[in-house]
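Asks: Each chain, written out:
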Amino acid sequence: MNTPAVAAIRTGAALREALASARETWTETATAGGVIVAVALLAPLVLGGLIATDTLASGAYLALAATGLALCVGLAGVPSLAQGAFVGTGAFAAAHLLRHTQLPAEMCALIGALTAAGLGTAAGFAVRSLDAVRVAVGTWLLTWLVALALGVLPWLSGGAQGLVVPTRRLFGFSPTPLVHYELAVVLTGLCALAFVALRRGPFGLDLAAAAQHRGAAAALGVPMERLRVGAFAASAFVGGLAGGFVVQLDIVADPTAYGPLLSFELLVAVLVGGAAAALGPSAGVVVLGMIALAARALGALAGVSGSRFQPMLEALLLLAVLTTGGSALVPAVSTAARRFLPRRRSRARPTAASSPKRRELLRGEGLAKHFGAIPAVDGVSLELAPGSITALVGPNGSGKTTLLRLLSGALPPDQGRIELGSRDVTTATPTQRVRLGLVRTLQTRSYFGELTVLEHALVGTNRTRRHGGAIRTIVSTPLYRAENRVAEAHALAALEAVGLAADASRPVSELTGAEQQRLMIAAALATNPAVLLLDEPSAGAGSADLDRLEAILLRLKADGLAMLLVEHNLRLLRAVADEILELELGRVVRHARNVRL
Amino acid sequence: MSLAVQVVFTGLSAGGVYGLIAIGHSLIYRLTGIVHFGLGDLIGLGAFITLFVAAGTQPLTQETVSGGRMALAIVAGVVACVVVGAAGYFAVVQPYIGRSAIGWVAATLALGFAIHAVLDAAFSRPAYVFPDPIPFRRVGNDGLIKILGAQVHVRAFAVIGVAIAVAAIASWVLQRTWFGRSLRAIADEPEGAAIVGISVERTRALAFGLAGGMAAIAVVVAAPGTPFETGTGALLGLKGLVAAVLVRFAGLWTAFAAGLALGVVEAALGTGLLGHLPGLASYRELIPLLVAIVLLAVRPLRMREAAE
Amino acid sequence: MRATAAALVALALVAAGCGSSSAKQQGRILVVVDAPFSQSPYIGNTIANGARLAADQLTARGITTGGTTYKVRVLRLDNALSPSRAVANVRRALREHATAILTDGTGVDATWRLAEKQNVPIGITYQGGGALVNPETRPNVFRIAPTDHGLAFRLAEYLVPKGLKIGLLTDDSDYGQEGRAALDDAFRTLPKAVAVRITLPSSAGDLAPQALEARRSGATALLVWARPAVLAKTIAAARSAGWRVPVYTTPAGEDPVVRQQLADHPSWVDGLTFASGRMTAELGPAPWSTFEAAYEAAFGATSVGVKSLGRRVIAPPDYAMYSYDFVNVLAAAVQSAAGTDAAKVLAALNQVSTRGANGDERGFNERNHEGVVDDDVYFARFRDMIFRPVGDDPLSSTLPVISQVR
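Residue numbers (our numbering), protein chains in the order written: chain A, 3 to 599; chain B, 85 to 392; chain C, 7 to 412.
Hints listed in this document are in silico derivations from the structure and should not be mistaken for laboratory results.
Errors might be hidden in some of the hints.
Claimed, not checked - Examples of chain B residues lying across from chain A (beta carbon under 10 Å, computed):
no., residue
1, F121
2, G172
3, V189
4, A190
5, F197
6, I199
7, L319
8, R368
9, L370
10, L373
11, A376
12, I377
13, A381
To be verified - Partial list, derived from the structure: chain A residues whose beta carbon lies under 10 Å from chain C:
no., residue
14, T55
15, D56
16, T57
17, S60
18, V154
19, S159
20, G161
21, V167
22, V249
23, D252
24, V254
25, A255
26, D256
27, T258
28, R310
To be verified - Ranges between beta-carbon positions, derived for each pair:
no., chain 1, residue 1, chain 2, residue 2, range
29, C, R389, B, G151, 26 to 32 Å
30, A, A124, B, L87, 32 to 38 Å
31, A, L295, C, A349, 31 to 37 Å
Cβ coordinates follow ideal geometry from the N, Cα and C atoms, glycine included.
Go ahead and model the full structure; you've got the sequences and the hints to work with.
Replies: Take a look at the structure:
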């Protein structure tokens with residue numbers, strides 16, 4: 003019965019539920035954040051005499067651009083040096099639109115932001131690999147490219163005099179510096195909220211995992227390239243938006259103002275204030291403002307313009323922060339504050355519940371991979387049936403790890419096919435394979451050092467979600483929140499399966515080596531796999547750990563999972579394996595059934 | 085024909101400087117796995133220290149600086165580069181290598197901007213003129229000689245010669261001396277080098293400084309051609325980086341050749357040698373940058389990717 | 007006896023009280039100088055010093071009007087040749103209740119409206135672009151400086167009879183763009199005289215490509231309208247390619263930066279000819295000499311940094327004259343308006359006139375906001391790092407040589 007009354011009741015119930023959930027997750031940090039934003043909105047009334055409103059408005063737009071940069075640097079760990087270029091792109095695009103069209107001012111700024119986002123997406127694709135050097139160099143070159151282009155192309159920049167921008171009403175208000183300031187504060191606040199929401203949601207977890215251990219994240223199917231391009235584009239959008247509006251405050255688009263120096267200043271603001279904190283960049287901008295005042299004082303003393311000293315003081319500040327270990331402002335403050343504030347009462351955890359199981363057969367036929375002239379895998383065929391464990395043995399260099407990488411998608415095979423159930427996954431990416439139920443653990447100890455045990459397992463559940471998109475995360479729809487609870491239940495179930503449920507809140511770094519290996523298995527289980535590829539799970543395990551591992555594997559087998567186990571430990575092999583494949587020089591030399599006592 | 089000759093010599097002379105800077109970038113990348121974003125400003129520092137020792141902050145002419153003082157000034161500039169480069173490495177860069185990408189990126193940037201800002205504060209005029217270390221004016225027709233119909237600066241020859249000489253010395257150091265062998269060992273296998281007893285960090289720091297000092301020599305020889313500003317160092321550093329990226333931070337002579345090629349291409353684009361498209365001259369600095377970005381996107385860098 | 011003494015004391019007190027109540031109130035005329043101090047120190051300092059000289063003289067004399075004695079104060083703000091900085095500077099000037107804003111002209115297209123809302127006059131004392139000043143649409147913008155229109159027409163008038171094929175080289179700053187517009191206007195009826203028009207990129211390290219392009223076009227003379235640093239680079243590019251073409255230019259040629267950057271090649275500066283506003287007037291050189299002496303007494307002679315035949319070369323403060331004159335006109339306007347009420351001062355500016363530093367009348371009216379007559383342009387040529395008025399122009403040949411060595 004879908005009458006409007008029922009719909010109204012449903013919406014009301016949803017809102018009430020949202021409010022309850024918000025109250026539940028409300029923290030002192032959130033209160034502090036709210037207070038700060040309120041203070042910021044009222045600042046011009048208090049500071050109006052000391053600092054000019056147009057300076058405050060400029061600073062607030064800078065804070066917006068810096069918060070955008072934090073999406074890249076803080077959330078995704080990408081050292082982007084091109085934010086100044088994105089701000090400039092937004093500014094000049096908006097300036098040209100304002101001069102040549104009659105579009106409303108907000109629309110021009112928005113289109114400027116979209117232009118910058120387009121440039122950001124292109125740049126993101128250009129540097130999507132995870133090599134930090136490539137990203138840093140690429141974005142640095144981009145910033146110089148935009149700055150030089152503005153310098154030598156007068157049709158773009160209006161010559162050295164810049165483009166004079168006609169003033170137009172902004173959201174119906176006359177565009178005074180005060181209106182710009184309030185707009186900038188509101189936008190920065192919204193961006194900070196989005197930052198927090200994304201960081202707490204599956205995006206943030208995926209990005210943190212990718213930043214902390216690339217290989218483990220890839221094995222769990224985190225679509226790192228797509229996420230990083232997305233982070234890049236998002237930060238470029240916010241930067242372009244700031245540029246599109248600030249050019250209306252300045253009344254003129256100045257080609258000298260959007261170069262490497264601006265990118266540097268934004269980076270300083272983010273690093274000094276705290277890249278991982280939502281209001282960190284804004285705090286950094288406040289510090290920059292104080293530096294500007296100090297520079298002006300120094301200038302007055304020396305009899306020259308203060309702007310001479312400003313970059314020097316900024317650079318020295320950053321150097322000071324870096325030499326003292328890089329502790330940033332907002333995290334330092336919040337750590338100190340946490341000592342004085344009472345501990346937050348911990349949230350009630352949902353009960354563990356496993357996801358509906360998937361059971362598939364994995365078949366590999368005629369797989370081959372050559373590195374140069376050397377065949378690492380040479381015509382291997384195998385079949386992993388549900389409810390069975392196949393062991394893969396052989397000396398070092400026999401191709402075991404390469405075979406695992408072929409099956410998991412980390413390497414493309416030169417020949418052969420891989421089928422999961424009835425689907426051909428030979429050309430599927432690791433992310434796609436994890437989604438379909440094929441997942442792998444790594445040989446070396448690889449964990450996400452700064453997460454808790456539960457968060458680690460949650461990274462695995464991210465691939466099973468359908469309502470975890472960015473917009474849903476930011477707006478926190480009911481479906482998103484419901485899925486959050488389900489994901490947590492599944493993660494707890496996975497932890498229970500490996501016996502780590504009691505340690506859910508502990509940081510991963512506190513676990514022993516064997517416990518971390520089991521945690522990797524739990525993260526893999528959290529992806530709800532049909533087929534599990536295990537690479538030496540017993541490395542470094544003592545005899546008690548081996549017993550536990552054996553029990554886990556047998557339980558998983560009884561559950562119906564298909565597993566491939568690369569192992570050296572004969573005891574474990576004999577206890578759990580149903581079939582044994584022996585590899586030598588890339589070929590299967592023995593295929594035996596394991597007769598257990 | 086005369087235009088081509090002019091382009092070649094102008095281009096090679098600018099390219100010699102780019103080449104030395106490209107060698108510096110390449111060396112640093114292969115030794116430490118990072119890119120020094122402040123290398124250009126470091127070179128600018130060396131150039132301005134040379135100017136300062138030679139003549140203070142006053143305008144100066146050929147007559148006001150003696151040969152001996154100029155030599156002392158060049159030495160002072162190089163020493164300043166080495167000291168500041170090495171100190172900067174130890175103070176801020178080294179703690180972040182291998183640990184935090186944002187850390188060393190921010191550190192090298194901050195070093196570069198700090199140096200630039202100090203130069204800006206100390207040298208307040210918009211542009212400065214360097215005296216020639218050797219009075220080239222006395223040669224030929226006010227410093228110009230005629231080759232194949234083109235007027236070529238004598239200074240261009242000096243720059244090309246100095247650049248090749250410095251590159252050759254650097255190459256000899258890398259191949260023959262113990263220091264050079266340590267550098268190569270560190271580049272190939274840092275842990276192994278440490279085991280063998282090479283002080284990895286000290287060597288790296290020294291190499292950091294020398295990379296800057298090496299290029300500073302060439303800049304001082306080339307600077308008298310055009311007015312030198314406090315920001316010129318950063319721009320040169322950028323072009324050297326572009327050349328190094330174009331050859332993916334390859335070995336010494338490859339990087340040098342890339343720098344030379346970049347100089348010649350820039351000069352050619354600027355004079356319409358490669359076709360007289362309207363306004364193409366404005367793009368001569370932009371096109372190599374764009375090519376470098378595209379190349380970076382398409383092909384990975386030479387350094388071995390971290391093992392999975 | 008005691009009563010008389012008390013009465014006398016009371017009378018004295020009342021007399022003293024009356025005396026103090028008729029004492030004058032203090033007022034302030036604030037002149038904000040918005041100029042590129044960091045990027046073009048010669049231009050910035052010249053404008054600011056000229057204003058300061060006038061301010062000090064006026065304050066010493068005392069401007070009394072409407073019962074208030076005014077002091078004149080000068081505030082320097084750097085715009086670094088950046089229009090957005092100019093906007094910020096003007097906003098600050100308005101907050102500080104400036105009586106007038108003196109500028110080199112950077113960013114006026116953006117800032118005039120901000121000042122106009124509060125009826126604050128803007129005085130341009132360097133750039134001569136025609137679009138900058140328009141009494142109908144921009145009632146608060148005035149100028150005392152040679153106009154681009156005047157310079158361009160005089161240059162055309164001087165060069166065309168020589169039968170030269172002229173290469174017009176302008177840079178991409180607003181100074182250069184305005185000059186380009188003025189030159190296009192002046193040479194509109196003489197298309198055959200122009201061999202080529204080239205835009206010089208201000209940020210390029212070296213201008214050899216542009217010099218080469220000019221040479222290939224068959225130009226037999228170069229007319230360069232660019233900022234001083236770009237002018238120097240152009241000359242260097244042409245001369246180092248071995249091209250001995252005569253170069254003509256605007257007042258940017260007398261900026262010390264040009265001679266500083268070419269100090270190693272004095273022969274390249276020889277023959278450089280520039281157009282500028284005449285320093286001395288019909289009345290003769292005496293008023294100018296007085297002004298120059300006062301300027302040097304206050305600020306010292308501006309050293310160019312080069313030597314001419316062994317003696318130190320200085321730059322005569324000709325542009326300082328214009329800002330000096332503007333402050334004097336402003337003071338006269340305040341006097342006439344009996345106060346610093348902005349609307350009244352703005353109206354009064356259209357009425358008053360004063361004697362300028364070199365003896366010329368300076369004043370504006372509703373239809374004309376230009377303080378320098380278009381024809382008052384002369385030509386000077388460099389030799390041995392100092393310039394002398396040329397002999398082949400009727401006006402210039404009548405002018406005395408101003409001493410530039412100390």
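Asks: Could you tell me which of the hints above the structure violates, numbers in ascending order?
Replies: none
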